[in-house]
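In order, the protein sequences belong to chains A and B. Sequential numbering of the first sequence, starting at 7, is according to our numbering. Sequential numbering of the second sequence, starting at 10, is according to our numbering.
Treat the hints as calculated values from the structure; they're not laboratory data. Idealized CB from N, CA, C, for every residue including glycine. Be careful, since some hints might not be right.
Among chain A residues calculated to face chain B with C-beta under 10 Å, some are [as the list claims (entries may be wrong)]:
id, residue
1, Q43
2, I61
3, Q112
4, F114
In case you want the letters, here they are:
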Amino acid sequence: DAGVIQSPRHEVTEMGQEVTLRCKPISGHDYLFWYRQTMMRGLELLIYFNNNVPIDDSGMPEDRFSAKMPNASFSTLKIQPSEPRDSAVYFCASSQGTSGGYNNEQFFGPGTRLTVL
Amino acid sequence: SQKIEQNSEALNIQEGKTATLTCNYTNYSPAYLQWYRQDPGRGPVFLLLIRENEKEKRKERLKVTFDTTLKQSLFHITASQPADSATYLCALDDTGGFKTIFGAGTRLFVKA
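Input sequences plus hints: build the corresponding full structure.
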């Protein structure tokens, strides 16, 4: 398996523009997570899905952020309109849940470095 | 308030020595705790998971302890090598489910 795939790897945009980040999880994984990482705040969970259904979006900073998972092999994180404070590295991760309820290891993608000017 | 604290300062050690990293948490009751490694420009990579009913777990040169009374986990790398230089993140579950909260990480430098 190629691992978690994210695109684009780098995105530079101007304030006010719409940004769409994409993620392909590892086949067979039923959990998908979106994180944001900055120097100031570290790695923050934005939202996670189980079997394509959003379970917890309490980390989504504001209504400008939205995430979808139309099928088991694809998810998007959209920011509209983007602002300079959204500049960060956005990671997608996937994992395979266990019947015991414990989270298995998460496999992270390479991240998308977003710069909003 | 809920907090996860890791050594904010970088840890510098000599090759061959044991590196010990600390993760303390407040106002969480995690069912498990994980450790990840992150290299610059890359995503975190899973290393070890330890459950609340486990005191210690080992994997090759790595050892993790979990003390739910002290609310602390220690991460040890024995016989450290320059290739072990990276940032190490601890993570725990928030609600006993799949919401994972990460610490800020500790930067480790191993000198040859």
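Going down the list of hints, with the structure as the test:
| no. | hint | in the structure |
| --- | --- | --- |
| 1 | Q43 | holds, 9 Å |
| 2 | I61 | holds, 7 Å |
| 3 | Q112 | holds, 6 Å |
| 4 | F114 | holds, 3 Å |
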